[in-house]
Every structure is written in C-alpha cells, then in structure tokens.
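*Asks:* The residues making up each chain are set out below.
Protein chains: 2
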Amino acid sequence: MKKAVILLSGGLDSATALAIARSEGFACHCLSLDYGQRHSSELEAAQRVAAALGASEHRTIKLELTAFGGSALTDREIAVPTQPSEGIPVTYVPARNTIMLSLALAWAEVLGSRDIFIGANAVDYSGYPDCRPEYLEAFEKMANLATKSAVEGRAIHIRAPLVALSKAEIIRRGTALGVDYSLTVSCYQADENGVACGRCDSCRLRHQGFVSAEISDPTRYLHPDLSE
Amino acid sequence: MKKAVILLSGGLDSATALAIARSEGFACHCLSLDYGQRHSSELEAAQRVAAALGASEHRTIKLELTAFGGSALTDREIAVPTQPSEGIPVTYVPARNTIMLSLALAWAEVLGSRDIFIGANAVDYSGYPDCRPEYLEAFEKMANLATKSAVEGRAIHIRAPLVALSKAEIIRRGTALGVDYSLTVSCYQADENGVACGRCDSCRLRHQGFVSAEISDPTRYLHPDLSE
Numbered sequence: 001m002k003k004a005v006i007l008l009s010g011g012l013d014s015a016t017a018l019a020i021a022r023s024e025g026f027a028c029h030c031l032s033l034d035y036g037q038r039h040s041s042e043l044e045a046a047q048r049v050a051a052a053l054g055a056s057e058h059r060t061i062k063l064e065l066t067a068f069g070g071s072a073l074t075d076r077e078i079a080v081p082t083q084p085s086e087g088i089p090v091t092y093v094p095a096r097n098t099i100m101l102s103l104a105l106a107w108a109e110v111l112g113s114r115d116i117f118i119g120a121n122a123v124d125y126s127g128y129p130d131c132r133p134e135y136l137e138a139f140e141k142m143a144n145l146a147t148k149s150a151v152e153g154r155a156i157h158i159r160a161p162l163v164a165l166s167k168a169e170i171i172r173r174g175t176a177l178g179v180d181y182s183l184t185v186s187c188y189q190a191d192e193n194g195v196a197c198g199r200c201d202s203c204r205l206r207h208q209g210f211v212s213a214e215i216s217d218p219t220r221y222l223h224p225d226l227s228e
Numbered sequence: 001m002k003k004a005v006i007l008l009s010g011g012l013d014s015a016t017a018l019a020i021a022r023s024e025g026f027a028c029h030c031l032s033l034d035y036g037q038r039h040s041s042e043l044e045a046a047q048r049v050a051a052a053l054g055a056s057e058h059r060t061i062k063l064e065l066t067a068f069g070g071s072a073l074t075d076r077e078i079a080v081p082t083q084p085s086e087g088i089p090v091t092y093v094p095a096r097n098t099i100m101l102s103l104a105l106a107w108a109e110v111l112g113s114r115d116i117f118i119g120a121n122a123v124d125y126s127g128y129p130d131c132r133p134e135y136l137e138a139f140e141k142m143a144n145l146a147t148k149s150a151v152e153g154r155a156i157h158i159r160a161p162l163v164a165l166s167k168a169e170i171i172r173r174g175t176a177l178g179v180d181y182s183l184t185v186s187c188y189q190a191d192e193n194g195v196a197c198g199r200c201d202s203c204r205l206r207h208q209g210f211v212s213a214e215i216s217d218p219t220r221y222l223h224p225d226l227s228e
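These protein sequence lines map, in sequence, to chains A and B.
Heads up, the first sequence is in my numbering, so the first residue is 1 and it goes up one at a time.
Heads up, the second sequence is in my numbering, so the first residue is 1 and it goes up one at a time.
Any given hint could be a false lead.
Only pairs whose alpha carbons sit at most 25 Å apart, straight line, appear in this in silico BS3-like list of lysine-lysine [as the list claims (entries may be wrong)]:
{"hint": "1", "chain 1": "A", "residue 1": "K141", "chain 2": "B", "residue 2": "K3"}
{"hint": "2", "chain 1": "B", "residue 1": "K141", "chain 2": "B", "residue 2": "K3"}
{"hint": "3", "chain 1": "A", "residue 1": "K62", "chain 2": "B", "residue 2": "K62"}
{"hint": "4", "chain 1": "B", "residue 1": "K62", "chain 2": "B", "residue 2": "K3"}
{"hint": "5", "chain 1": "B", "residue 1": "K141", "chain 2": "B", "residue 2": "K2"}
{"hint": "6", "chain 1": "A", "residue 1": "K3", "chain 2": "A", "residue 2": "K141"}
Hints were generated in silico from the structure; no laboratory data involved.
Construct the entire structure; sequences and hints are all you get.
*Replies:* Here it is as structure tokens:
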C-alpha cells in the first residue's frame with residue numbers, strides 16, 4: 001500500500017483532504033503541528049478525525065511558533081478579528097504552511113512516501129499567500145531539489161486536492177466520502193470543548209459553505225444566529 | 001540598522017556566515033535548532049559564537065526531529081560513519097535545511113527582515129542535496145510566494161555567501177573577519193566538552209580546510225593524528 005503524509009489540522013479542509021487520500025488507496029500518515037495556537041481543541045479534533053477516517057497513524061509534533069509571534073493565532077496580545085478585513089488578515093501565521101510542509105517533507109522522506117496532502121484552498125479562503133496554487137507549485141519544485149529521495153529519482157508530489165474548490169464543493173465532496181464534520185473544529189478561537197465562536201473569518205466561511213452546499217451545519221456555535 | 005536572520009549551528013561555516021553578515025552592517029538575529037542532534041555541544045558553541053561575534057540576539061528553538069529519525073544524527077541506532085561513503089551519506093537529515101530556512105523565514109517576517117543567511121556550502125561538503133545553489137534558489141522563489149511581506153513587495157533574500165567557497169577559503173575569510181574558530185564545533189559526534197572525534201566526514205573536511213588554508217587548526221580532537 002503506498003503511503004501518504006497528510007497535514008491534518010483538525011479543521012474541515014484537512015479532514016476532507018484525508019478522506020480524498022484514503023479514497024485513492026493511500027495508507028495515511030497524519031501530521032499535526034502543536035504550534036501554540038489559540039485553538040488547541042483543533043488538535044483534539046485532528047486525533048478524532050484521523051481515527052474516524054482510518055488513518056494508519058497520527059503524530060502531533062510540538063514547535064513553539066509563539067516564540068516568534070506575529071499572528072493573532074500565536075500572540076495572545078493580538079485579537080482575532082470578528083469582521084472581514086482588507087488584505088491579508090492578522091490571523092495569518094508567518095510561514096506556517098511552509099513550516100508544516102517542510103516537516104511533512106522530512107517525514108515523507110523517512111517513510112519512503114512520495115505524496116504529501118494539504119487541505120489548502122484558494123477560493124473561499126482568508127487571503128493567505130501560502131494557500132495559492134503558485135506557492136504550492138514553488139514548494140514542490142523546491143522539495144524536489146531538497147531531498148535525497150528526489151535527487152535519487154523519487155519525485156515528491158504536493159497534493160492540494162481542494163485548492164480550486166469552493167467551501168460548498170469541499171463539504172459536498174467530503175460528505176460523499178463519509179466525513180463526519182461534527183468531529184472537526186475550524187474556529188480560530190474555539191473553546192476547550194470545541195464550541196466555535198461563530199464570528200471569526202473561519203467560522204463565517206465554514207457556515208456559509210454548509211448553507212451553499214445545502215447541507216445541515218453540525219457545528220456547535222456560541223453565536224446564536226448560526227446555531228440550528 | 002537593517003536586520004538579518006542567521007541560521008547558526010555552532011559549526012565553522014555558520015559562524016563565518018554570521019561574521020560576513022556583521023561585516024555588511026546587519027543587526028544579526030541568530031537562530032539555532034535543537035532537533036535532538038547527537039552533537040548538542042554544537043548548540044552551546046552557537047551561543048558562544050553569537051556572543052563573540054556581536055549578534056543582537058540568539059534564540060534556540062526546539063523541534064524533535066528524532067520523532068521522524070532517518071539519519072545518523074537523529075537516530076542513535078544509525079552509527080556515524082568514519083569512512084567516506086558513496087552518494088549522500090547517512091548523516092543527511094531529511095529536509096533539515098528546508099525546515100531551518102522555513103523557521104528563519106517565519107522569524108524574518110515577524111522581525112521585518114528581508115535577509116536570511118545560511119552557511120550552506122557546495123564545494124568541500126558532504127553531498128547533501130539541500131546545500132546546492134539550485135536548491136537555495138528554489139527556496140528563495142518559494143519564500144517570495146509564501147509570505148505576506150513578499151506579497152506586499154518586500155522580497156526575501158536567501159544569502160549563502162559560502163556556497164561557492166572551498167573550506168580553506170571559508171577559513172581564510174572568517175579568520176580575516178576575526179572569527180575565533182576554537183569556539184566552533186563541527187564534529188557530528190563531539191563529546192559534551194566539544195572535543196571532536198577527528199574521524200567523521202565533518203572533522204575530516206574541517207581539518208583539511210585548515211591544512212589547505214595554512215592556518216593552525218585550533219580544534220580539540222580525540223583522534224591523536226589530527227591534534228597539533
């Protein structure tokens with residue numbers, strides 16, 4: 001069985017990416033990053049999602065990005081915005097996807113895996129530069145010069161199956177593949193029980209996705225307007 | 001004063017890269033990675049080197065690459081070779097430079113720095129793929145698509161001033177800039193006091209560099225043939 005490394009945050013997108021990798025017949029080695037994020041209930045969600053979707057393995061690696069700060073997700077002094085902003089929002093974590101893909105690359109090389117799945121999405125997204133297809137292509141090119149396996153002819157593929165899908169399309173795809181979205185947590189400031197704020201960018205995009213997909217939103221929101 | 005992030009391992013090359021960045025007038029923010037390497041005396045060396053060369057700051061970030069293994073430097077079951085090998089040696093750590101440059105990229109973005117220095121060298125080196133100029137160029141391209149600052153027009157430069165120098169040229173350059181190489185540790189399996197084995201690839205390349213540069217080698221070696 002060919003192996004894939006799946007970056008699993010515990011959110012909706014990466015759960016769907018895992019389901020897609022499983023549907024393609026990969027043995028899935030899931031990797032989560034404990035980087036000191038506000039929403040640590042995401043990490044517990046990642047564990048539940050990995051188990052529910054039949055991952056072969058799930059590892060959480062700790063790396064204190066709070067040492068650098070610079071984001072509402074890694075610096076408690078910066079508030080999570082509840083209104084859409086112009087440009088790249090303060091929830092952007094500097095170089096986060098680059099760091100996570102680099103770790104996935106290291107693990108893939110050790111496992112002998114040539115496929116790395118990431119739930120990056122450039123349609124209904126928050127404007128993060130490291131979710132765009134041109135970024136992902138550049139990472140893949142770099143990865144194929146970086147590693148011993150690539151130099152020896154075993155090319156690495158960065159797989160972003162959601163990159164061109166709308167949030168509604170992602171939810172429909174995942175639902176068809178049996179993803180239980182009630183296990184996932186997308187909110188930037190979910191409480192310890194995984195209850196979502198219903199106000200941040202991530203909650204808004206998620207809820208709007210369910211509405212557009214005409215699928216009932218199983219998320220538990222603190223914000224009464226979004227609860228069903 | 002413009003800021004640079006310097007990847008500092010505690011070895012000879014990165015100490016020289018720091019000295020070069022200082023000579024160009026950068027305020028130097030040094031980053032070391034505690035990845036569970038065998039040679040933790042390198043990390044103590046990094047601290048001494050940063051202080052001696054007038055770095056503005058030195059941070060060590062912990063990341064257990066031993067969780068992945070796959071290298072003689074991160075897996076105690078794999079011995080450090082004492083004879084040159086064909087191809088890429090087992091001391092290669094999967095994706096190490098990619099991970100370290102990614103962390104440097106994150107910090108550079110938070111600091112508002114546009115220059116990242118790495119002591120990578122492709123002449124007298126161990127055959128690691130992630131030390132080659134084509135790899136470093138691909139990383140820079142990727143970095144300039146990855147970050148908010150790059151998207152906003154502040155390009156990132158990956159600076160590898162040693163990439164085309166021989167070990168002897170590096171040592172001459174550093175000596176001219178006042179680097180005290182007795183503070184540095186290159187050995188893959190130095191003991192806790194920083195005494196080098198004198199047998200591994202890294203020791204051999206280092207010692208040969210001093211011989212070729214006709215500069216006295218200040219390294220303390222366990223191997224009697226190399227001690228002076």
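*Asks:* Are the hints correct? Go through all of them and say.
*Replies:* Taking the hints in turn, this is what the structure says about them:
no.	hint	result
1	K141/A <-> K3/B	violated, 28 Å
2	K141/B <-> K3/B	holds, 20 Å
3	K62/A <-> K62/B	holds, 8 Å
4	K62/B <-> K3/B	holds, 23 Å
5	K141/B <-> K2/B	holds, 22 Å
6	K3/A <-> K141/A	holds, 20 Å
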